[in-house]
Amino acid sequence: MRWMKWNCGIRTLPIALLACAIAAPAAGQETTPAMLAAAAKEGKVVWYSSIDVKVSELIAKAFRADYPNIQIEVERSGSERVFQRINQEYQSGIKNVDVVNSSDASHFIYWKQQKWLAAHTPPDVKRYPAQFKDAEGYYAGWRATLSVMGYNTTLVPAKDAPTGYLDLLDPKWKGKLVKSHPGYSGTSLTGTYAIVKALGWDYLEKLSKQGVQQLQSTTATPKSIASGERAVMVDGNEYNMFIEIDAKSPVAIIYPKEGTPFVTSPTAIFAEAPHPNAARVLQNFLYTAKVQQLAVNEGGTRSLHPDVKDPPGRTPLAQIKILPDDPATMLPLVADIKKRYTALFGN
Amino acid sequence: MLSSRAATRSRFVDWTAPFAIALVLLLAALVLLPMFRLLMTSLTGEARQLTLEHYHQLFADPAFVKPLLTTLWTSAAVGVLCVLAAAPMSWLVSRTDLPGKRLLRTLILASFVTPPFLGAFAWVLLGGPNAGLINQWYYALFGLKPFEATPLINIFSAGGMVFVMALYTFPYVFTFVANSLDVIPSELEEASAILGAPAWRTALDITLPLVMPALLAGFLIAFLQSMTLFGTPAILALPAGIDTMTTKIWSLFQFPPQLGLAAALSLPLLLITVLLLRAQSAIMGRRGYSVIGGKSTGTRLIRLGAWTIPALALFAFVLGSSIVLPYGVLVRTAFVKNWSGPVVGNLSLEHWRFVFFEFSQTRLAFQNTFVLGIAAATAGTILVTTVGYLSLRKLVWGHRYLGFLATAPVAIPGIVLAVGLFLSYTQPPFVLYGTLSIIFLAYLTKELPVGYQQIGASLKSVHPELEDASRIFGATRLRALFDITAPLIRNGVIATWIFIFIGSIRELSATILLFTARTKTISVTMFDLRESNDWGPIAVLSITMLLITFAMILLINHFTDRRLT
Numbered sequence: 001m002r003w004m005k006w007n008c009g010i011r012t013l014p015i016a017l018l019a020c021a022i023a024a025p026a027a028g029q030e031t032t033p034a035m036l037a038a039a040a041k042e043g044k045v046v047w048y049s050s051i052d053v054k055v056s057e058l059i060a061k062a063f064r065a066d067y068p069n070i071q072i073e074v075e076r077s078g079s080e081r082v083f084q085r086i087n088q089e090y091q092s093g094i095k096n097v098d099v100v101n102s103s104d105a106s107h108f109i110y111w112k113q114q115k116w117l118a119a120h121t122p123p124d125v126k127r128y129p130a131q132f133k134d135a136e137g138y139y140a141g142w143r144a145t146l147s148v149m150g151y152n153t154t155l156v157p158a159k160d161a162p163t164g165y166l167d168l169l170d171p172k173w174k175g176k177l178v179k180s181h182p183g184y185s186g187t188s189l190t191g192t193y194a195i196v197k198a199l200g201w202d203y204l205e206k207l208s209k210q211g212v213q214q215l216q217s218t219t220a221t222p223k224s225i226a227s228g229e230r231a232v233m234v235d236g237n238e239y240n241m242f243i244e245i246d247a248k249s250p251v252a253i254i255y256p257k258e259g260t261p262f263v264t265s266p267t268a269i270f271a272e273a274p275h276p277n278a279a280r281v282l283q284n285f286l287y288t289a290k291v292q293q294l295a296v297n298e299g300g301t302r303s304l305h306p307d308v309k310d311p312p313g314r315t316p317l318a319q320i321k322i323l324p325d326d327p328a329t330m331l332p333l334v335a336d337i338k339k340r341y342t343a344l345f346g347n
Numbered sequence: 001m002l003s004s005r006a007a008t009r010s011r012f013v014d015w016t017a018p019f020a021i022a023l024v025l026l027l028a029a030l031v032l033l034p035m036f037r038l039l040m041t042s043l044t045g046e047a048r049q050l051t052l053e054h055y056h057q058l059f060a061d062p063a064f065v066k067p068l069l070t071t072l073w074t075s076a077a078v079g080v081l082c083v084l085a086a087a088p089m090s091w092l093v094s095r096t097d098l099p100g101k102r103l104l105r106t107l108i109l110a111s112f113v114t115p116p117f118l119g120a121f122a123w124v125l126l127g128g129p130n131a132g133l134i135n136q137w138y139y140a141l142f143g144l145k146p147f148e149a150t151p152l153i154n155i156f157s158a159g160g161m162v163f164v165m166a167l168y169t170f171p172y173v174f175t176f177v178a179n180s181l182d183v184i185p186s187e188l189e190e191a192s193a194i195l196g197a198p199a200w201r202t203a204l205d206i207t208l209p210l211v212m213p214a215l216l217a218g219f220l221i222a223f224l225q226s227m228t229l230f231g232t233p234a235i236l237a238l239p240a241g242i243d244t245m246t247t248k249i250w251s252l253f254q255f256p257p258q259l260g261l262a263a264a265l266s267l268p269l270l271l272i273t274v275l276l277l278r279a280q281s282a283i284m285g286r287r288g289y290s291v292i293g294g295k296s297t298g299t300r301l302i303r304l305g306a307w308t309i310p311a312l313a314l315f316a317f318v319l320g321s322s323i324v325l326p327y328g329v330l331v332r333t334a335f336v337k338n339w340s341g342p343v344v345g346n347l348s349l350e351h352w353r354f355v356f357f358e359f360s361q362t363r364l365a366f367q368n369t370f371v372l373g374i375a376a377a378t379a380g381t382i383l384v385t386t387v388g389y390l391s392l393r394k395l396v397w398g399h400r401y402l403g404f405l406a407t408a409p410v411a412i413p414g415i416v417l418a419v420g421l422f423l424s425y426t427q428p429p430f431v432l433y434g435t436l437s438i439i440f441l442a443y444l445t446k447e448l449p450v451g452y453q454q455i456g457a458s459l460k461s462v463h464p465e466l467e468d469a470s471r472i473f474g475a476t477r478l479r480a481l482f483d484i485t486a487p488l489i490r491n492g493v494i495a496t497w498i499f500i501f502i503g504s505i506r507e508l509s510a511t512i513l514l515f516t517a518r519t520k521t522i523s524v525t526m527f528d529l530r531e532s533n534d535w536g537p538i539a540v541l542s543i544t545m546l547l548i549t550f551a552m553i554l555l556i557n558h559f560t561d562r563r564l565t
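Chains P and A, in that order, give the protein sequences.
Take 1 as the starting number for the first sequence in our numbering and just add one per residue.
Take 1 as the starting number for the second sequence in our numbering and just add one per residue.
Because the hints were derived from the structure by calculation, they are not lab data.
Predicted model, so just to flag it, every value in this text is computed and none were measured.
Here a beta-carbon is modelled for each residue, glycine too, at the ideal position from N, C-alpha and C.
Any given hint could be a false lead.
Said to hold, decoys possible - When the alpha-carbon atoms are kept at most 30 Å apart in a straight line, the in silico BS3-like pairs for lysine-lysine are as follows:
(1) P/Lys-172 with P/Lys-197
(2) P/Lys-115 with P/Lys-338
(3) A/Lys-337 with P/Lys-309
(4) P/Lys-209 with P/Lys-338
(5) A/Lys-66 with P/Lys-338
(6) P/Lys-159 with A/Lys-145
(7) A/Lys-145 with P/Lys-172
(8) A/Lys-337 with P/Lys-61
(9) P/Lys-112 with P/Lys-133
(10) P/Lys-206 with A/Lys-145
(11) P/Lys-159 with P/Lys-44
(12) P/Lys-209 with A/Lys-145
(13) P/Lys-206 with A/Lys-66
(14) A/Lys-145 with P/Lys-174
(15) A/Lys-337 with P/Lys-248
(16) P/Lys-95 with P/Lys-126
(17) P/Lys-159 with A/Lys-337
(18) P/Lys-248 with P/Lys-172
Stated by the list, open to error - Part of the chain P face toward chain A, derived, beta carbon under 7 Å:
(19) Val-53
(20) Val-74
(21) Ser-77
(22) Ile-94
(23) Asn-96
(24) Lys-206
(25) Gln-210
(26) Gly-211
(27) Gln-213
(28) Gln-214
(29) Gln-216
(30) Thr-219
(31) Lys-223
(32) Gly-228
(33) Gly-346
If we strip away everything but chain P, and leave its shape as in the complex, we get (with noise of 0.2 Å):
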């Protein structure tokens, strides 16, 4: 069949070199109008996303406005849920998605380890510290939140509030908390094993007995104590308490004092994605200061690129005790930790 493919090179060769041309600036990392022209072409682009729906839809609306060529449909759901997707398309040969992001950093270093995913460095992500990207371009933190405590302030007042996670252990705090799950939601994965690292299994293993409401989603804790569902939340989204707050909703945010977990949320673009260009024209778009600014005013998130402010009233990063994420340590430990969870808190 060689022959075959010869004479079609022969035959198409024009066409190859024209396509070359209009292609090869994907292979680049600025958005070039050659890339912009390709990708109007492709017409769309799919993002996989975990990040609330609502902020995911807003990122959307402007890049809608920025290029109303390109159509962009959001795929939103917790990161463990959009990682077992992914998986499960890739395996029987779907090739769906773009670009995606998730809140479980370690799902990248799976995800590159397989060769699924495409280098590519947005030019913004130049400027951003080396430790929250990858060195060989493949992923980049898109935006980093923390995994806060929280509570409703019209349930419990100032004073009671607990003061960290070992405070909740305190019989006064049963049947009245919620945490996420870490099968679910790669925020809750990251922030539970950083729980686990610095007060061990032992520790979750006395909070599983306080009657803690199990919810899927690190986006959904916040909303269930602003509604007055539950009064303290072990742990949620810091960007849905920023969001709660901006809407007036009954909560505060609680840093705890062993540490509050810091999660980065990388996103990267897949080798084998349907809309190439699109993608790439997506993913510059994200990283670049504005979209950061307005995920970090509208969104609650924080940002990793160094021209971006947090609005005033917000605790600055420097004030707060971090737990880091350690996503290359975290990866074996996955299945591990999410079966010990489950026998613990349920689904």
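Use these hints to put chain A onto chain P, whose structure you have.
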């Protein structure tokens, strides 16, 4: 008459037999292939060797035994609750002078078409122990404080789950019993009344035995329906740390799927259901009766008098809990910013704007849902009508298999069917995973029994004598079919289509394993939103889905003789 039957058989066996064989093969492929793959997978170990290790693990590990027990007792409880509520309700509607019957029937139909998971969503908002509106009212009324006092209702419990399941399952029992009462001539009951028996005596001694088969069938369907539900336990029991079989299978199916275990876990379920179904047919099999030859005469209605009040109270409780309160809370949630806050100063169209102008999944989800619903309903109706006619008229060899195959999926929980389909259609030669086709197959298979039951009821009510009469006057069988049977079962066919359509657009338990990002349906989209507690958008989608469903029913009622309401 016997000779006319014999003549029919000899004349038509030529073309009906191959056709029937083709149908048997089609149904077998649809129903048996996934189950065969399921069985094989449950018996296959890592190294592709034959093994019982999955079963061993299943029965040794309390993590699997407990969900099995939970599922059994909760389903039985739902069945009992449904019979207790639906039996008196259907009798009241059919035999007494209860006022507002039309409205009541309409509301029961509304609970029937309300997706159970949607009811579960609504009941989270109503019966959440602390923020749930009913508990808020309760706390406010008695000056209590959440967390300090015991809530009036804790919907996140096995009991809460049973209650909500029963609310949306009782219409099955009601329909069975009410249909049965409608076709049973009331002469026997009138005779009993004339002989001086009080109304309750007649109801217990005459009517009850007559509808017993329908009650049992109803109980069975309620049991099976609850056992196969995924959404309600996932929404109400999981947050309380309670697993049922379906949620357990779902969690085993998360990537990397433990297919062997999931398959092994689904087979005991299958077995139990098959046994129950055998028991049911043993009870009902000998009591087959066709009671209408022509049109039934009017029934004399029993006067309720002072009993009207408690009778209406029963309806108010059941329908209030299944329709009025849930719909009310969904509407409220859709139009306020914070669902648990007061309405005043909280009103907003924000969720509607979000769902219809920003949420990028909306259009695709609606499109997929409708394509699937229409395709499954149309294909399903054609299939069950053909199968039903051939098998119930015992026209061909293999009619037993046809009937069996069409009813078999009732024993297959949607989620189990989905595992089977997944196993069958993710590898060559049939790679359907990731397309709507695999979900279509799931819906078609899953709705076969409902459709078959529905069309079967219509067909059974038309006694073959009617066709035979027309044959005696010289009509061919096809002519008799079109002139006599078709007009009589027309409403049945339309009803079947609606039943399948409604069953399809609300399907969650099979879809949850088979969907991919491109093939999401509304139900799955809502389930995703639930995992992040986005109640506003969920309420908007729920209302939209309900409105479309009701519009469909009104439209179809307009074209039929309004039998449905």
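Quick rundown of the hints versus the structure:
| no. | hint | verdict |
| --- | --- | --- |
| 1 | P/Lys-172 with P/Lys-197 | 26 Å, holds |
| 2 | P/Lys-115 with P/Lys-338 | 25 Å, holds |
| 3 | A/Lys-337 with P/Lys-309 | 29 Å, holds |
| 4 | P/Lys-209 with P/Lys-338 | 18 Å, holds |
| 5 | A/Lys-66 with P/Lys-338 | 20 Å, holds |
| 6 | P/Lys-159 with A/Lys-145 | 19 Å, holds |
| 7 | A/Lys-145 with P/Lys-172 | 15 Å, holds |
| 8 | A/Lys-337 with P/Lys-61 | 21 Å, holds |
| 9 | P/Lys-112 with P/Lys-133 | 13 Å, holds |
| 10 | P/Lys-206 with A/Lys-145 | 27 Å, holds |
| 11 | P/Lys-159 with P/Lys-44 | 52 Å, violated |
| 12 | P/Lys-209 with A/Lys-145 | 23 Å, holds |
| 13 | P/Lys-206 with A/Lys-66 | 23 Å, holds |
| 14 | A/Lys-145 with P/Lys-174 | 15 Å, holds |
| 15 | A/Lys-337 with P/Lys-248 | 11 Å, holds |
| 16 | P/Lys-95 with P/Lys-126 | 29 Å, holds |
| 17 | P/Lys-159 with A/Lys-337 | 29 Å, holds |
| 18 | P/Lys-248 with P/Lys-172 | 27 Å, holds |
| 19 | Val-53 | 6 Å, holds |
| 20 | Val-74 | 5 Å, holds |
| 21 | Ser-77 | 6 Å, holds |
| 22 | Ile-94 | 4 Å, holds |
| 23 | Asn-96 | 5 Å, holds |
| 24 | Lys-206 | 16 Å, violated |
| 25 | Gln-210 | 12 Å, violated |
| 26 | Gly-211 | 9 Å, violated |
| 27 | Gln-213 | 6 Å, holds |
| 28 | Gln-214 | 6 Å, holds |
| 29 | Gln-216 | 4 Å, holds |
| 30 | Thr-219 | 4 Å, holds |
| 31 | Lys-223 | 4 Å, holds |
| 32 | Gly-228 | 4 Å, holds |
| 33 | Gly-346 | 3 Å, holds |
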